[in-house]
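A.B. asks: Residue numbers (this note's numbering), protein chains in the order written: chain A, 1 to 81; chain B, 1001 to 1413.
Since the hints were made in silico from the structure, they are not lab data.
It should be emphasised that the depicted structure is a prediction, and the values quoted were computed from it without experimental measurement.
Yeah, the Cβ is synthetic: ideal placement off N, Cα and C, and Gly gets one too.
Careful: at least some of the hints might be erroneous.
[Said to hold, decoys possible] So the derived label-pair ranges between C-beta atoms look like this:
1. A/Lys15 to B/Glu1235: 26 to 32 Å
2. B/Asp1305 to A/Pro59: 17 to 23 Å
3. A/Ala71 to B/Asp1052: 52 to 58 Å
4. A/Leu26 to B/Ser1285: 17 to 23 Å
5. A/Met1 to B/Arg1395: 55 to 61 Å
6. B/Leu1286 to A/Glu5: 28 to 34 Å
Next come the chains, spelled out residue by residue.
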Amino acid sequence: MKQQEIRAGVIAAIKAIAPEVEEDELVSGQPLRAQVDLDSMDWLNVLIELHQRFGIDIPEVDYARLDTLDAIVSYLSGRLG
Amino acid sequence: MFEFNLPSLGADMDKGTLLEWKVVPGQVVRKGDVVAVVDTSKAAVDVEIWSDGTVQELLADIGREIPVGTPIIALRAPGEAVSAKPARPGKSDKSTPATASAAYAAAPAPLALQAPATTFSATPARQPVSPAARRRAAELGLPLDKVAATGVQGSITLRDVEQAAAAAAQAVAPGSAKPIAAPSAGAKVAVDRNAEMRRAIAAAMHKSKQEIPHYYLSETIPMRKALDWLRAVNEKRPVTARLLPAALLLKAVALATRDFPEVNGLFVNGVYHASAVTHIGVAISLRQGGLIAPALHDIGARALDTVMLELADLVRRCRAGSLRSSEMSDPTITVTNLGDQGVQAVFGVIYPPQVALVGFGRLAERPWVEDGKLVVMPVVTASLSADHRVSDGHRGALFLMRISDLLQQPEEL
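Chain A with its partners taken away, still in its complex shape (with noise of 0.2 Å):
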């Protein structure tokens, strides 16, 4: 899957959780979840997100990887193979 594919799919998981997120105004190297305003049970719902968007169980031991939007990317690229 190209990183094109991928980033857009993080970013509609995104908003999914929150609808009133602007992909214009995500900046892709800054912590994500100060940016998006999300809680511990946001970002629950965002991980089962991608979990039914891409296939992939993130365990919680990789959650403090995934800090950046680009961040997200490169770990779920990284996981695709």
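Using the hints, position chain B against chain A.
C.D. replies: The following block gives chain B in isolation, referenced to the frame of chain A:
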């Protein structure tokens, strides 16, 4: 025959706008069925009925604003004949055509109809009004049921009347007819809704700070055992079945209330009513701004997995703006968790008529002394805001310590 009244929608909600009927005349309903959808400034609320019966007549109009406590549906009790004429078969008197209203009056008050919280509703049938407010309302030709009360004991003050008059003038100005607020009618309505929610929160919090002598306590709770246990449990689970620390915190509060009835109940008209069950109001921030605290019912009796599922469902429905009337009306204590993006501690304002609020700050690692050694410990600061009319600091402290103790044995939760 009996009437179903619009139940309480929470202490800061004294009215709702009827959006939709979920039943039709002739339909059989069971206790807990959703009979109507009512819009409040915070969310669309599914109104649940509190008794079995058959719908006889719908008594309210869609689009109309309805004060809490207003009859909205006339129903026949289970087994009651379709005809309303023989009001009471045993005593029926042929000469007097037993009118419907007589039948209503004669019927035993259907206690089951009333949600527990409805009886504690902040808007009693007889609305207290200050003399100046009554006079001014009469001058303005303003019906008092259109005025939101912010005074002591839910009374209408002169200022309430002035504000309601100003709001009414504004509402009427753009057109001749009274505008009916539909929930999705654009930005103007969204702004009104936010303003209305802000007003509702302001009224409840103002009442709280004016009437409730708060005291505040806090305790830092070590969370290593709880988090280690959670990590071990979650490792084996798919993302769809994972537990959040919030589920542990809520369950611990629910269990702790069992031995502390003085923090779990409602203070109404100068009398405290301890609650036998614990319905935790969970403070949830809405994405568009504002706050709502609907109830998780009796979670002390539920498995942790169920608590998590119900919490996730409640948050999802809150954000979608779809809640049930029982959730809005009957929390017996509130928990606020400013969460992992939040601050170290929160000292909350009690949500009347409740008497306590437990707050949790951010889970964070801090220096900690354990067995004489300095270690790094994940901790959370728990706080209690409680009503001094009902409890004292000593008992409040024991309650907080109980929560802390319960969190040291997460496998027992």
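A.B. asks: To test your reading of the hints: which numbers does this structure violate?
C.D. replies: none
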